[in-house]
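2 protein chains.
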Amino acid sequence: MRLAVVGFGGVGQAFVDLLLLKRSYLYNEGLDIKINYIMNSRGGVYSPTGIDCASLVEFSKANGDLSQYKNGGSKQITFESIMKNKDIDVLVEMTPTNKETGEPGMTYIERALEKGIHVITSNKGPVMLAYKRLNKLAAKNGVQLGIGCTSGGALPTVNGGLIDMAGAEILSIEGILNGTTNFILDEMAQKGVTYDDALKKAMDLGIAEADPTLDVEGWDTATKLLILTNILMNEEKTLADILVEGITGITPEQIEKAKREGKKYKLVGRTENRDGSLHMTVRPEKLDRGHPLYSIDGRHKAVRYVSDTLGDLTLSGGASGVTPAAASVLRDLINIYRGYRYSI
Amino acid sequence: MRLAVVGFGGVGQAFVDLLLLKRSYLYNEGLDIKINYIMNSRGGVYSPTGIDCASLVEFSKANGDLSQYKNGGSKQITFESIMKNKDIDVLVEMTPTNKETGEPGMTYIERALEKGIHVITSNKGPVMLAYKRLNKLAAKNGVQLGIGCTSGGALPTVNGGLIDMAGAEILSIEGILNGTTNFILDEMAQKGVTYDDALKKAMDLGIAEADPTLDVEGWDTATKLLILTNILMNEEKTLADILVEGITGITPEQIEKAKREGKKYKLVGRTENRDGSLHMTVRPEKLDRGHPLYSIDGRHKAVRYVSDTLGDLTLSGGASGVTPAAASVLRDLINIYRGYRYSI
Numbered sequence: 006m007r008l009a010v011v012g013f014g015g016v017g018q019a020f021v022d023l024l025l026l027k028r029s030y031l032y033n034e035g036l037d038i039k040i041n042y043i044m045n046s047r048g049g050v051y052s053p054t055g056i057d058c059a060s061l062v063e064f065s066k067a068n069g070d071l072s073q074y075k076n077g078g079s080k081q082i083t084f085e086s087i088m089k090n091k092d093i094d095v096l097v098e099m100t101p102t103n104k105e106t107g108e109p110g111m112t113y114i115e116r117a118l119e120k121g122i123h124v125i126t127s128n129k130g131p132v133m134l135a136y137k138r139l140n141k142l143a144a145k146n147g148v149q150l151g152i153g154c155t156s157g158g159a160l161p162t163v164n165g166g167l168i169d170m171a172g173a174e175i176l177s178i179e180g181i182l183n184g185t186t187n188f189i190l191d192e193m194a195q196k197g198v199t200y201d202d203a204l205k206k207a208m209d210l211g212i213a214e215a216d217p218t219l220d221v222e223g224w225d226t227a228t229k230l231l232i233l234t235n236i237l238m239n240e241e242k243t244l245a246d247i248l249v250e251g252i253t254g255i256t257p258e259q260i261e262k263a264k265r266e267g268k269k270y271k272l273v274g275r276t277e278n279r280d281g282s283l284h285m286t287v288r289p290e291k292l293d294r295g296h297p298l299y300s301i302d303g304r305h306k307a308v309r310y311v312s313d314t315l316g317d318l319t320l321s322g323g324a325s326g327v328t329p330a331a332a333s334v335l336r337d338l339i340n341i342y343r344g345y346r347y348s349i
Numbered sequence: 006m007r008l009a010v011v012g013f014g015g016v017g018q019a020f021v022d023l024l025l026l027k028r029s030y031l032y033n034e035g036l037d038i039k040i041n042y043i044m045n046s047r048g049g050v051y052s053p054t055g056i057d058c059a060s061l062v063e064f065s066k067a068n069g070d071l072s073q074y075k076n077g078g079s080k081q082i083t084f085e086s087i088m089k090n091k092d093i094d095v096l097v098e099m100t101p102t103n104k105e106t107g108e109p110g111m112t113y114i115e116r117a118l119e120k121g122i123h124v125i126t127s128n129k130g131p132v133m134l135a136y137k138r139l140n141k142l143a144a145k146n147g148v149q150l151g152i153g154c155t156s157g158g159a160l161p162t163v164n165g166g167l168i169d170m171a172g173a174e175i176l177s178i179e180g181i182l183n184g185t186t187n188f189i190l191d192e193m194a195q196k197g198v199t200y201d202d203a204l205k206k207a208m209d210l211g212i213a214e215a216d217p218t219l220d221v222e223g224w225d226t227a228t229k230l231l232i233l234t235n236i237l238m239n240e241e242k243t244l245a246d247i248l249v250e251g252i253t254g255i256t257p258e259q260i261e262k263a264k265r266e267g268k269k270y271k272l273v274g275r276t277e278n279r280d281g282s283l284h285m286t287v288r289p290e291k292l293d294r295g296h297p298l299y300s301i302d303g304r305h306k307a308v309r310y311v312s313d314t315l316g317d318l319t320l321s322g323g324a325s326g327v328t329p330a331a332a333s334v335l336r337d338l339i340n341i342y343r344g345y346r347y348s349i
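For the protein sequence lines, the chains are A and W, in the order given. Per my numbering, residue 6 is the first one in the first sequence, and the count goes up by one each step. Per my numbering, residue 6 is the first one in the second sequence, and the count goes up by one each step.
Chain A on its own, in the form it takes in the complex (with noise of 0.2 Å):
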């Protein structure tokens, strides 16, 4: 499979160092995979017989500019022209994530689809704005769309549903979405710290970014379960219809009553039917000790679904870091590969 990386961030990069570590692994599954064009805002690589991924991840270590790399670097590297090149089978897109617009990725997305290059994708931004519309683009064209990194990275929250369902119902989506907040949350149950001195520690260790309001807030959370509700209770909703309520709140107190109560607050994202409609809420929860994601503790993550037939799922666990994401974005390339048919 001839592929484009477009987007060449952490996650981009730890891809390309994922699939010469996986050279082995690779062959023997008889996947022969090239990357013919590496693009950042910058410039870009070209080789239409497959990019020296080694030399090229060496260079890029050192020099963020990829126009000024000696084999094939070019400012003239742009998406049309890879789209003009027709030398691809798989589009990687990996550019920054734009929740108002999807830019620039949504028309990175439309583009390939439209003609027939298969998209795989770790950025949230068109994924949460239009995954069904671009989901009938890819079935119309007969390729597919692969979403996995975009809710969970390594946790597969979207086969989970979609494969390990299939044939099932799902009436209800209840997960622990973000680490860094269960981290938080975690710290301070077992600490009996405040929420700004757990704050603090995670920042000390990177778990939590340099502005962690996205995480904290809910928005995070809010984002992963509007692109499962949509994809696997096939609804067409928008970040407005979820109530959103972070941690930031949350006082020792009332983490030391749980505590003693035999319970435990965690950030929750829930999608359920009640009374006939669909409530989708992000809210600090206290979970009782029998609930299945009561044990999710420090940065895990975990997902359960209800089902009406295969009962229910809970799948938890999943690394954190740009390797694993990357390596949530090879798992859909090697199920895309396999044959399956995300978009039908």
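Read the hints as simulated data drawn from the structure, not as lab findings. The structure presented is a predicted model; accordingly, all values stated were derived computationally and were not measured. Among the clues, some could well be false.
Copies of the same chain look alike in the list, so a pair counts if it works inside one copy or between any two.
Keeping only pairs whose Cα atoms sit at most 25 Å apart, straight-line, the calculated DSS-like set for lysine-lysine is [what the hints assert, rightly or not]: (1) Lys196 - Lys268; (2) Lys291 - Lys268; (3) Lys262 - Lys39; (4) Lys89 - Lys205; (5) Lys196 - Lys264; (6) Lys141 - Lys89; (7) Lys268 - Lys104; (8) Lys145 - Lys264; (9) Lys206 - Lys80; (10) Lys268 - Lys66; (11) Lys120 - Lys137; (12) Lys264 - Lys141.
Here the structure of chain A is known, so what remains is to put chain W in place on it, guided by the hints.
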């Protein structure tokens, strides 16, 4: 897709019921399923245009001898006649398990694969004895072998390892793979009763079978562990490679002591690499509170995979009984319809 259902016990009947129940789901999926044959040991029913399942299910509830069924029932319908007519796409093989020879399922599966017919089986015998060979036979003939039902039923242990971990190497498997023994151990811990009393309760509730030997002595767990190890780690192990110890010797004193230590006994099936060779065990293990399988109680099952690049994944849940088992067969059917190649 045109099916033959061979073997028509509890799961087979539940499968046919499920297809009736799921008619609109399948229609929306674009999947038109016709059952051309239903066969058990006394004969069968054939309709070249699809059996009227509602009517047949009603008949079969009153009369186990399908050959007496007025619309197409006959003693002359044999497996060979199905092979000869060449009017099915999928064999749903549900004959009783024989762990020594795999027959009659083994021959049925081989014959169908050789004829270019997909096979989905709920029969552990052929899968534990010859998965690799059968899978190669499927690949050679361009068809798929679905075996999800044989290792955990509704709990998607096979898909979880094969699809959700695609691209990663599975380094170890550990699972609570038998609901009956998990119920018994949980009952002993919760109520402080003896093994015999807990077993009696499990039998009274219909959780344990009349002859619970295979469950309580660990062989059901061992069989599932064997299937998962061979498929997910590309091995050709046999039951003789597994060190198996059941739960019959566990005393209330041991359970009580574990409880005081904050631990729980669970019957764990485990495959792991130690000192460069693969070790497979089934035995009661004392799990710490932090272990991902610690909180799997009652009749629940779970499996945990540790991988190189996708971190670890624990799948838990999965309902018990004939309908969830039938739903796991339907799951394989849908995933094969969606193009997934289990056999490459």
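Taking the hints in turn, this is what the structure says about them:
Taking the shortest Cα distances, Lys196 and Lys268 sit within 25 Å of each other both inside one copy (16 Å) and across copies (22 Å). Taking the closest pair of Cα atoms, Lys291 and Lys268 come within 25 Å of each other both inside a single copy (6 Å) and across two copies (24 Å). Taking the shortest Cα distances, Lys262 and Lys39 never come within 25 Å of each other, neither inside one copy (56 Å) nor across copies (58 Å). With identical chains, the CA atoms of Lys89 and Lys205 are never at most 25 Å apart, being 49 Å at best within one copy and 72 Å at best between copies.
When the C-alpha separation of Lys196 and Lys264 is checked against a cutoff of 25 Å, the pair qualifies both within a copy, at 12 Å, and between copies, at 24 Å. Taking CA atoms no more than 25 Å apart as the test, Lys141 paired with Lys89 passes inside one copy only; the shortest distance there is 23 Å, against 40 Å between copies. In this assembly of identical chains, Lys268 and Lys104 lie within 25 Å of each other by CA distance neither inside one copy nor across copies; the values are 35 Å within and 45 Å between. With identical chains, the CA atoms of Lys145 and Lys264 are never at most 25 Å apart, being 53 Å at best within one copy and 58 Å at best between copies.
In the homo-oligomer, the alpha carbons of Lys206 and Lys80 never lie at most 25 Å apart, since the shortest distance is 42 Å inside one protomer and 74 Å across protomers. When the C-alpha separation of Lys268 and Lys66 is checked against a cutoff of 25 Å, the pair qualifies neither within a copy, at 46 Å, nor between copies, at 47 Å. Within a single copy, Lys120 and Lys137 get their C-alpha atoms as close as 18 Å, which meets the 25 Å cut-off; across copies the closest is 39 Å, which misses it. With identical chains, the CA atoms of Lys264 and Lys141 are never at most 25 Å apart, being 47 Å at best within one copy and 54 Å at best between copies.
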